[in-house]
Structure formats: C-alpha cells, structure tokens
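Participant: Starting from two chains that each stand alone, build the complex the way the hints lay out.
One letter stands for each residue in the lines below.
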Amino acid sequence: MAESRFVYVTYVRTTPEKLWRALLDPEFTRQYWGGTWQESEWKPGASWRILLPDGRVADTGEIQEFDPHRRLVLTWRNEFKPELHEEGFSRLTYELEPMGDAVKLTVLHEIDRDGSKLIEATSQGWPAILASLKSLLETGEPLDMTRRWRAGS
Amino acid sequence: MEADPSDKVFKALADPGRRLLLDRLRAEDGQTLRRLCEDMGMTRQAVAKHLRVLEEASLVVPIRRGREKLHHLNPAPIQEIADRWIGRFDRGRLRALADLKAKLEGDPDG
Numbered sequence: 632m633a634e635s636r637f638v639y640v641t642y643v644r645t646t647p648e649k650l651w652r653a654l655l656d657p658e659f660t661r662q663y664w665g666g667t668w669q670e671s672e673w674k675p676g677a678s679w680r681i682l683l684p685d686g687r688v689a690d691t692g693e694i695q696e697f698d699p700h701r702r703l704v705l706t707w708r709n710e711f712k713p714e715l716h717e718e719g720f721s722r723l724t725y726e727l728e729p730m731g732d733a734v735k736l737t738v739l740h741e742i743d744r745d746g747s748k749l750i751e752a753t754s755q756g757w758p759a760i761l762a763s764l765k766s767l768l769e770t771g772e773p774l775d776m777t778r779r780w781r782a783g784s
Numbered sequence: 226m227e228a229d230p231s232d233k234v235f236k237a238l239a240d241p242g243r244r245l246l247l248d249r250l251r252a253e254d255g256q257t258l259r260r261l262c263e264d265m266g267m268t269r270q271a272v273a274k275h276l277r278v279l280e281e282a283s284l285v286v287p288i289r290r291g292r293e294k295l296h297h298l299n300p301a302p303i304q305e306i307a308d309r310w311i312g313r314f315d316r317g318r319l320r321a322l323a324d325l326k327a328k329l330e331g332d333p334d335g
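For the record, the sequence lines run as chains A and B. Residue numbering for the first sequence follows this note's numbering, starting at 632 and increasing by one per position. Residue numbering for the second sequence follows this note's numbering, starting at 226 and increasing by one per position.
Just chain B, with the same shape it has in the complex (with noise of 0.2 Å):
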C-alpha cells in the first residue's frame, strides 16, 4: 500500500467532471456507465476514464449485476478523511452549524 492512500482521494476530487460523477449518483446510486453518460457532455470514453480513477480511490465501487455493471457510491474515503481532522470536534455541533448555513443560503428571504 501506498504511504497516505487520502493522496488518491484528492486527486480524484480535484477534478470538477468527477465531481460532477459523484453528485450524479448521489442523487441516483447505482447508475450504469450508459446511463452517467447522459447530459454529460462527454464523451463515454472520458467518463469511462473518470470513473475508473474514482474507483481506484475507492470513492466509487463497481458492483456486478448481471449483464450490467452498476455504479456506486462509497462513503468510506470521505469519511476517513473527515475522521482524520475533524473527528475530534463536536460533530453535532458541526452539523446543525451546516444546517444552518444550508437555511440561510436556501432561504429566500434570507
């Protein structure tokens, strides 16, 4: 194994079309090369690409279905990373202060 295997990790998040991959199965896990594909504006070659570096940091894990090979998304790196720094603070405190901020932002009227 690699010294920090978070190196990884960052690299994989540095990049805004992976980024983009991993709210797509946030919203919907378990999607199929074919279906992230749509409205990505990529070609399938390059989010095959993407996705074989997310899955190399362990952020997103093929799952074999089948004929169909299913996409999902694995907490696990981000989470071990945010154990990593802020595993010692308040975690409650630390949600309801996003919370917050997520109201604020969110509210219209704000």
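Next up, chain A with everything else stripped away, as it sits in the complex (with noise of 0.2 Å):
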C-alpha cells in the first residue's frame, strides 16, 4: 500500500505519567514545541487541534484511541498550507513504554500516499521537538531552538 511515514523511538528518563502529561498539557508543549498548544477533551471521538503562537489553528483532528499513560492515536491534518491541507488526513500515533529507569517513546506520524509533502514537512519538525521535550523532562530545560515558533515553518 501506498504510504509515508515518520518513525521516532526515543527514551526517556521519566514515568509515563509524566511524559504523558508532557505530550498533552499546554504548559508542557508550550515550552518543547515552539510555543504551541493543543486543544482537546482528549477521549475517542473528540475533536483536537494544536494551536500556533499568534492563536492561528496550525493543525486539526480526532482522537481515534486515547489509552491514558499508554498509547494516544489520533488524526492530524494541516491547517496553514494548502499544499499540506490538500493531502487530508494524517494519523499520529504517540506509543509510550516503560524500561527500567526510563519510559520509550515511540512517534509514528504517517499517511496513505507516497511521497507525502505533509510527511516530509513535519518530519523536519519532530526531531528536534522530541529532543526537546527529553531534555525538558530530564534536565527541566527544554532545547534553545524549539522555544519559539519558527516563521515559515
């Protein structure tokens, strides 16, 4: 089948309570992800969308399987670039492990079509935003470079 997709497996040395938190609450992204927040009642078939500095909606979705402390699968399309918001609907699976002292964190983003611009794109983002979010749960300070929204990105 036709397909792309982004694979992330990190570990860090945390619970998965909270690295779960991290993942969720604005607090926590706002400092790890560029200064974005994601809205959402966060139970199956609600809606959800992630929120740009200025307030503009940068992506929106569903949630399809919300396991608290386990796995958060939901779906994920871009609201900014129409190049992006053409390809519909991507699903972003969030898998988290524990493993002795640490927790696995597993990021697939992924969608049904080959060579994806929207894959592509946030597959320069995720890198670092992940490494940042370890860093702020490891050490309480998040990565310089994802503090703030990028322009452009």
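No lab work stands behind these hints: they were computed from the structure. Please read these numbers as outputs of a predicted model, since none were measured by experiment. C-beta atoms are modelled at their ideal positions from N, C-alpha and C, and glycine is treated no differently. Worth double-checking, as some hints may not be accurate.
Pairs of lysine-lysine residues, derived as BS3-like cross-links and limited to a Cα-Cα distance of at most 30 Å, are as follows [said to hold, decoys possible]: (1) B:Lys233 x A:Lys735; (2) B:Lys236 x A:Lys735; (3) B:Lys328 x B:Lys274; (4) A:Lys649 x B:Lys233; (5) B:Lys236 x A:Lys748; (6) B:Lys274 x A:Lys735; (7) A:Lys735 x B:Lys294; (8) A:Lys748 x B:Lys274.
Here are a few chain A residues that face chain B, going by a calculated C-beta distance under 8 Å [what the hints assert, rightly or not]: (9) Ala633; (10) Arg636; (11) Val638; (12) Tyr639; (13) Val640; (14) Thr641; (15) Ala762.
Partial chain B-side listing against chain A, Cβ under 10 Å, derived [stated by the list, open to error]: (16) Ala252; (17) Gly255; (18) Leu295; (19) His297; (20) Leu298.
Facilitator: The following block contains the structure:
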C-alpha cells in the first residue's frame, strides 16, 4: 500500500505519567514545541487541534484511541498550508512503554500516500521537538531552538 | 539499562555493511527484509543479523503493517550523540559549513 511514515523512538528518563502529561499539557508543550498548544477533550471521538503562538490553528483532527499513559492515536490535517491541507488526514500515534528507569516513546506519523509533503514537512520538525521534550523532562530545560515557533514553518 | 546506550550505536555503526543498510533506508525508508536483500551481495541471514544489531541500537525500528515488517530509520540515537558533543555549538553555522563543503566537493569546476 502507498504510504509515507515518520518513525521516532527515544528513551526518556521519567515516568509514563509525567511523559503523558508533557505530551498533552499546554504548560509543557509551549516550552518544547515552539510555543504551541493543543486543545481537546482527550477522549475517543473528540476533536483535536494545535494552535500556533499567534492563535492561528495549525492542524486539526480527531482522537481515535486514548489509553492514558500508554497509547494515543489521533488524525491530523494541516490547516495553514494549502499544499499540505489538500493531502487530507494523516495519523499520529504515541506509544509509551516503561523500560527500567526510563520510558520508551515511539512516535509514528503516517499517511496513506507515497511521497507525502505533509510527512516530509513534519519530519523536519519532529526530531527537534522530541529531543527538546526529552531535555525538558530530564533536565528541566527545553532546547533553545524549540522555544519559539519558527517563521515559515 | 546499560551505563551508556551509545555503546550499541557506535558498535552498530562500526560495520560498513550496516552503514550501507542505513544508507539504503535513507534513500527509501520503510523497506521489507526481502527488499533490503536485493543487490546487497549478502545472504538473507547476514542481512537479517545486521538488522537485528541496528534494531538493538534503536537505529532501525521495525513496524508491523499487515503481514509485512517494515524497517524504518530512527533519527533519535544519532541526534542524541550530536546533541551530546556539538549541541553547544551553533548548529546553523555548522550546517552552513557542511553545505559549503558539499557544494565545493560536488562542483566539477571546484
């Protein structure tokens, strides 16, 4: 089947509860995800969106699976770039698995089409965001490069 | 967990065959074992063994989709090594220097 997929696996020295909260809570995402935050009722079927620091809606979707501290699946469509928006909905999965004194975090961002521009674009952003998330949880400080939303992104 | 998980990454990267597998995944991410075996000049068992070493180092992540097992590059381990030693340098300038080197070396008149 035609598909594009971004895969990222990292080990974060924290607990599943703290990592889960950091993935969802605006207080955390604003620090490591370029000042953005998410709005959702966080239950299956609920709508989901991510907002840029200036209040623009960046991406929207719907929660598909919500298993606290373990697994989150949501659909994701870009809302501010026409060439990405027209690709429709992609799918984002977070999986958390305790491993000793750390948590294995697996991030999948995928769409059912070859050569997706959306996955190409988000693949540029994910590594810095996720490294900054790890840094925030392990050291209390996010990485400098992800504190602010980059113009043109 | 072991003291330094980057040990596994360096050991995995020390082998040219394994680096070639990573290059092939960079060219086309998400390949099956059968696809990766094409033109490798290695037995299927040897390729599978290399992939296991890459998976244990978390450099390659297998994703199950239906009956297929797709192999994906994981940028995290090398990114974490880079952050460890060059994180305090200016990434933008390093990128510019790397681009300049690539341009000069790739330029037939250079």
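Participant: Please go over all the hints and tell whether each is borne out by the structure.
Facilitator: Here is how each hint holds up against the structure:
1. B:Lys233 x A:Lys735: Satisfied, since the Cα-Cα distance of roughly 16 Å is no more than 30 Å.
2. B:Lys236 x A:Lys735: Holds, because 21 Å separates the two Cα atoms, which is no more than 30 Å.
3. B:Lys328 x B:Lys274: violated (36 Å)
4. A:Lys649 x B:Lys233: Within the cut-off at roughly 27 Å; holds.
5. B:Lys236 x A:Lys748: violated (34 Å)
6. B:Lys274 x A:Lys735: holds (23 Å)
7. A:Lys735 x B:Lys294: holds (20 Å)
8. A:Lys748 x B:Lys274: Violated, at about 33 Å.
9. Ala633: Because about 11 Å separates A:Ala633 from the closest Cβ in chain B, which is outside the 8 Å limit, the hint is violated.
10. Arg636: Interface hint status for A:Arg636: holds (6 Å vs cutoff 8 Å).
11. Val638: holds (4 Å)
12. Tyr639: holds (6 Å)
13. Val640: Interface hint status for A:Val640: holds (5 Å vs cutoff 8 Å).
14. Thr641: holds (4 Å)
15. Ala762: At about 6 Å, which falls below the 8 Å cut-off, the nearest Cβ of chain B leaves the hint on A:Ala762 intact, so it holds.
16. Ala252: Hint on B:Ala252: violated, closest Cβ of chain A at ~13 Å, above 10 Å.
17. Gly255: holds (6 Å)
18. Leu295: Since the shortest Cβ distance to chain A is 8 Å, the answer is holds.
19. His297: Cβ of B:His297 sits 4 Å from chain A, so the hint holds.
20. Leu298: holds (7 Å)
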